[in-house]
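> Residue numbers (my numbering), protein chains in the order written: chain W, 1 to 210; chain R, 1 to 190.
You may find that some hints are simply not true.
Stated by the list, open to error - Per the computed footprint, the stretches of chain R lying under chain W, defined by three or more beta-carbons under 8 Å from a beta-carbon of chain W, are: (1) 74-88; (2) 181-189.
What the hints assert, rightly or not - Pairs of lysine-lysine, DSS-like flavour, derived with a Cα cap of 27 Å: (3) R:Lys101 / W:Lys22; (4) W:Lys46 / W:Lys115; (5) W:Lys171 / W:Lys121; (6) R:Lys69 / W:Lys22; (7) R:Lys151 / W:Lys115; (8) W:Lys121 / R:Lys101; (9) R:Lys70 / W:Lys90; (10) W:Lys120 / R:Lys95; (11) W:Lys120 / R:Lys96; (12) W:Lys46 / R:Lys70; (13) W:Lys116 / R:Lys100; (14) R:Lys29 / W:Lys90; (15) W:Lys116 / R:Lys151; (16) W:Lys115 / R:Lys96; (17) R:Lys95 / W:Lys116; (18) R:Lys70 / W:Lys89; (19) W:Lys121 / R:Lys100; (20) W:Lys46 / W:Lys58; (21) R:Lys101 / W:Lys115; (22) W:Lys116 / W:Lys171; (23) W:Lys194 / W:Lys58; (24) R:Lys151 / R:Lys95; (25) W:Lys121 / R:Lys96; (26) R:Lys7 / W:Lys115; (27) R:Lys96 / W:Lys171; (28) R:Lys29 / W:Lys89; (29) W:Lys89 / R:Lys7; (30) W:Lys171 / R:Lys95; (31) W:Lys90 / R:Lys69; (32) W:Lys115 / R:Lys100; (33) R:Lys7 / W:Lys90; (34) W:Lys116 / W:Lys35; (35) R:Lys95 / W:Lys121.
Said to hold, decoys possible - Have a look at the derived ranges for each label pair, beta carbon to beta carbon: (36) R:Asn60 / W:Pro202: 45 to 51 Å; (37) W:Asp36 / R:Glu103: 23 to 29 Å; (38) R:Lys165 / W:Gly150: 43 to 49 Å; (39) R:Lys69 / W:Gly150: 28 to 34 Å; (40) R:Tyr33 / W:Met117: 35 to 41 Å.
If you are wondering where the hints come from, they were derived from the structure by calculation, not from laboratory data.
Note that the Cβ used here is the ideal one computed from N, Cα and C, for glycine as well.
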Amino acid sequence: PILYSYFRSSCSWRVRIALALKGISYDLVPVNLLKDGGQQFSAEFKAVNPMQQVPVLKIDGITLSQSLAIIHYLEDTRPNPRLLPQDPKKRAKVRMIADHIVSGIQPLQNLSILKKMGEKKTEWAQNCIASGFQALEQILQHTSGRYCVGDEVSMADLCLVPQVSNAERFKVDMGPYPTITRINKALLELEAFKVSHPSRQPDTPAELRA
Amino acid sequence: MSSAAAKPILYSYFRSSCSWRVRIALALKGISYDLVPVNLLKDGGQQLAIIHYLEDTRPNPRLLPQDPKKRAKVRMIADHIVSGIQPLQNLSILKKMGEKKTEWAQNCIASGFQALEQILQHTSGRYCVGDEVSMADLCLVPQVSNAERFKVDMGPYPTITRINKALLELEAFKVSHPSRQPDTPAELQA
Numbered sequence: 001p002i003l004y005s006y007f008r009s010s011c012s013w014r015v016r017i018a019l020a021l022k023g024i025s026y027d028l029v030p031v032n033l034l035k036d037g038g039q040q041f042s043a044e045f046k047a048v049n050p051m052q053q054v055p056v057l058k059i060d061g062i063t064l065s066q067s068l069a070i071i072h073y074l075e076d077t078r079p080n081p082r083l084l085p086q087d088p089k090k091r092a093k094v095r096m097i098a099d100h101i102v103s104g105i106q107p108l109q110n111l112s113i114l115k116k117m118g119e120k121k122t123e124w125a126q127n128c129i130a131s132g133f134q135a136l137e138q139i140l141q142h143t144s145g146r147y148c149v150g151d152e153v154s155m156a157d158l159c160l161v162p163q164v165s166n167a168e169r170f171k172v173d174m175g176p177y178p179t180i181t182r183i184n185k186a187l188l189e190l191e192a193f194k195v196s197h198p199s200r201q202p203d204t205p206a207e208l209r210a
Numbered sequence: 001m002s003s004a005a006a007k008p009i010l011y012s013y014f015r016s017s018c019s020w021r022v023r024i025a026l027a028l029k030g031i032s033y034d035l036v037p038v039n040l041l042k043d044g045g046q047q048l049a050i051i052h053y054l055e056d057t058r059p060n061p062r063l064l065p066q067d068p069k070k071r072a073k074v075r076m077i078a079d080h081i082v083s084g085i086q087p088l089q090n091l092s093i094l095k096k097m098g099e100k101k102t103e104w105a106q107n108c109i110a111s112g113f114q115a116l117e118q119i120l121q122h123t124s125g126r127y128c129v130g131d132e133v134s135m136a137d138l139c140l141v142p143q144v145s146n147a148e149r150f151k152v153d154m155g156p157y158p159t160i161t162r163i164n165k166a167l168l169e170l171e172a173f174k175v176s177h178p179s180r181q182p183d184t185p186a187e188l189q190a
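Isolated chain W, as found in the complex (with noise of 0.2 Å):
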């Protein structure tokens, strides 16, 4: 498999988080967002995936983008282990964590928009992030055990860590946000959470390496 993916893109991470979890090797072809004016609008890449987005993922003979779509093609076809329980109301509740994450948060402060926002772009993304952990501190505090579903690790946790990471990125304070911050800190851990990390990435600056 070959995975397009940029060390610091958190959509990309959730994917590496996955594919170390179900001990898939893969080749990693780094994507620029920042450099050549983004090396996602090149001609090359828009061949690859028409989004002009990363993660992508070419596994199997098919060519796949959007990260949860992704991470479910790879339960549905390397079911061990599992990042889904088997009951559907807790499938139901990892699968809401993760859509409010995917869908209600980073889209709100990935790059496009902070282009746009300009000087005040800290602010935005702090005020995105800030409003979206607000409502998910309050569903893990019904929803967690040692992680954000029961005590196994779920898709819901590898949307969760890079997240955080972002948060932390934009000096969001994690203080009102004790919930969060005990799953992500006990899943960062984990080996698939700390291999997939931005900072041990091939494309990883080196002042930023661990």
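Using the hints provided, position chain R relative to the given structure of chain W.
Relative to chain W, chain R alone:
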């Protein structure tokens, strides 16, 4: 354990594309529900979780193909709309754009539809992926409706247009339409 299920309650805003996706799923699966109108529903983008839950618990008719690669295409298209297009033109962002909001919304949708048109040229049959209605179709129709509201020129997207038209002929897409909801204002009713 009692299995007497209470009738589901859907909190819905007639014009919300997110609510519409769920209404379509409920109609396709023949699930009756009570609708509680909510004005300006806060969009947390969680409707795919709801639709997946309905799929897990009421599998007929199905909204996901059985083949994993086709499922992945369905999800990719749905996610592109739900995470890649719709949030960029939701209410909170539009408020921030002020006067430029229509232009902004048009650009987001056009950019997203340009990519989607290319993808659909490879995946579509009668509908988004092959010939069976899927989650991708539930996401497409409401987004096209948004595009029309913002007066996006649909000329460059013949595949999207064709599929949208085919879907709007289906009963589930009609009964769930924003123009036919309990909270649809009189002047917008079908």
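> Now tell me if each hint is right for this structure.
Here's how the hints hold up against the structure:
Note: the region 74-88 of chain R has 11 residues with beta-carbon separation from chain W under 8 Å; the three-residue rule is met and the coverage holds. Given a C-beta distance limit of less than 8 Å, the hint that chain W covers the region 181-189 of chain R is violated, as 0 residues qualify and 3 are needed. Between Lys101 (chain R) and Lys22 (chain W) the CA atoms are separated by roughly 43 Å; this puts the pair beyond 27 Å, and the hint is violated. A distance of roughly 21 Å separates the Cα atoms of Lys46 (chain W) and Lys115 (chain W); the hinted pair therefore holds under the 27 Å criterion.
Note on Lys171 (chain W) and Lys121 (chain W): the hinted pairing holds, with a Cα-Cα distance of about 12 Å set against a maximum of 27 Å. Among the hinted pairs, Lys69 (chain R) with Lys22 (chain W) is consistent with the structure: their alpha-carbon atoms are about 18 Å apart, no more than 27 Å. With a C-alpha separation of about 24 Å, the suggested pairing of Lys151 (chain R) with Lys115 (chain W) holds against the 27 Å cut-off. Of the pairs offered as hints, the one joining Lys121 (chain W) and Lys101 (chain R) holds, with about 17 Å between alpha carbons and a cut-off of 27 Å not exceeded.
Under the criterion of a C-alpha separation no larger than 27 Å, the hint pairing Lys70 (chain R) with Lys90 (chain W) is consistent with the structure, at around 25 Å. Taken as a hint, the Lys120 (chain W) and Lys95 (chain R) pair is honoured in the structure, with Cα atoms around 15 Å apart against an allowance of 27 Å. A threshold of 27 Å between alpha carbons decides the hint, and for Lys120 (chain W) with Lys96 (chain R) the separation of about 11 Å falls inside it, so the pair holds. With a C-alpha separation of about 22 Å, the suggested pairing of Lys46 (chain W) with Lys70 (chain R) holds against the 27 Å cut-off.
A hinted pair counts as satisfied when its Cα atoms are at most 27 Å apart, and Lys116 (chain W) with Lys100 (chain R) qualifies at roughly 11 Å. For the suggested pair Lys29 (chain R) and Lys90 (chain W), the alpha carbons sit about 21 Å apart, so the restraint of at most 27 Å is met. Pair hint Lys116 (chain W) plus Lys151 (chain R) holds up; C-alpha atoms about 22 Å apart against a cutoff of 27 Å. Taking the CA atoms of Lys115 (chain W) and Lys96 (chain R), the gap is about 13 Å. The hint holds against a cut of 27 Å.
The straight-line distance between the Cα atoms of Lys95 (chain R) and Lys116 (chain W) is roughly 13 Å, inside the 27 Å bound, and the hint therefore holds. Taken as a hint, the Lys70 (chain R) and Lys89 (chain W) pair is honoured in the structure, with Cα atoms around 25 Å apart against an allowance of 27 Å. For the given pair, Lys121 (chain W) sits about 17 Å from Lys100 (chain R) by alpha-carbon distance, which is consistent with the 27 Å threshold. Taken as a hint, the Lys46 (chain W) and Lys58 (chain W) pair is honoured in the structure, with Cα atoms around 14 Å apart against an allowance of 27 Å.
About 16 Å separates the Cα atoms of Lys101 (chain R) and Lys115 (chain W), which keeps this hinted pair within 27 Å; it holds. Annotation: proposed proximity of Lys116 (chain W) to Lys171 (chain W) holds, straight-line Cα distance about 20 Å (limit 27 Å). The hinted pair formed by Lys194 (chain W) and Lys58 (chain W) meets the criterion: a straight-line CA distance of about 23 Å does not exceed 27 Å. For the hint pairing Lys151 (chain R) with Lys95 (chain R), the CA-to-CA distance comes to about 18 Å; that is within 27 Å, so the pair holds.
For the hint linking Lys121 (chain W) to Lys96 (chain R), the alpha-carbon distance of about 12 Å falls within 27 Å, and the restraint holds. The suggested pairing of Lys7 (chain R) with Lys115 (chain W) is violated, with an alpha-carbon distance near 46 Å, which exceeds 27 Å. A distance of roughly 22 Å separates the Cα atoms of Lys96 (chain R) and Lys171 (chain W); the hinted pair therefore holds under the 27 Å criterion. This hinted pair checks out: Lys29 (chain R) and Lys89 (chain W) have alpha carbons roughly 18 Å apart, not beyond 27 Å.
Distance hint between Lys89 (chain W) and Lys7 (chain R) is fulfilled; the C-alpha atoms sit about 17 Å from each other, no more than 27 Å. A hinted pair counts as satisfied when its Cα atoms are at most 27 Å apart, and Lys171 (chain W) with Lys95 (chain R) qualifies at roughly 24 Å. Of the pairs offered as hints, the one joining Lys90 (chain W) and Lys69 (chain R) holds, with about 25 Å between alpha carbons and a cut-off of 27 Å not exceeded. Among the hinted pairs, Lys115 (chain W) with Lys100 (chain R) is consistent with the structure: their alpha-carbon atoms are about 15 Å apart, no more than 27 Å.
Simply put, Lys7 (chain R) and Lys90 (chain W) have alpha-carbon atoms about 20 Å apart, close enough for the 27 Å limit, and the pair holds. Using a Cα cut-off of 27 Å, the hinted pair Lys116 (chain W) and Lys35 (chain W) holds, with the two alpha carbons roughly 18 Å apart. Note on Lys95 (chain R) and Lys121 (chain W): the hinted pairing holds, with a Cα-Cα distance of about 15 Å set against a maximum of 27 Å. In this structure the hint that Asn60 (chain R) and Pro202 (chain W) lie 45 to 51 Å apart at CB holds, the actual value being about 46 Å.
The hint said 23 to 29 Å for the Cβ distance between Asp36 (chain W) and Glu103 (chain R), and at roughly 27 Å that hint holds. Judged by the Cβ atoms, the range 43 to 49 Å given for Lys165 (chain R) and Gly150 (chain W) holds: they are separated by roughly 44 Å. At about 30 Å, the CB distance of Lys69 (chain R) to Gly150 (chain W) agrees with the hint of 28 to 34 Å. Taking 35 to 41 Å as the suggested C-beta distance range, the pair Tyr33 (chain R) and Met117 (chain W) conforms, at roughly 39 Å.
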